[in-house]
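Take the sequences, apply the hints, and build the full model.
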Amino acid sequence: MNILKHLPTFTFYFFKTQENLNSILSQIECLIKPIIKIESR
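In terms of this note's numbering, the sequence shown opens at residue 1 and continues consecutively.
Since the hints were made in silico from the structure, they are not lab data.
Hints may contain errors.
[Stated by the list, open to error] Below, in silico cross-link-like pairs of lysine-lysine (DSBU-like), each with a Cα-Cα straight-line distance of 35 Å or less: (1) K37 / K16; (2) K33 / K16; (3) K16 / K5.
Since the model is a prediction, treat every value here as computed from it, not as a measurement.
In structure tokens, the structure reads:
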């Protein structure tokens, strides 16, 4: 029963973390893409 009470909070934090992960991933992608282009020449 306690878990159900905390579920909204957990979901909120989960999605916030997902957003953060996505932004981090896109930053990493921006860093990696130029490197890949250089490598493929």
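Taking each numbered hint in turn, which are not upheld by the structure, reported in ascending numerical order?
The structure conflicts with no hint, since it agrees with every one listed earlier.
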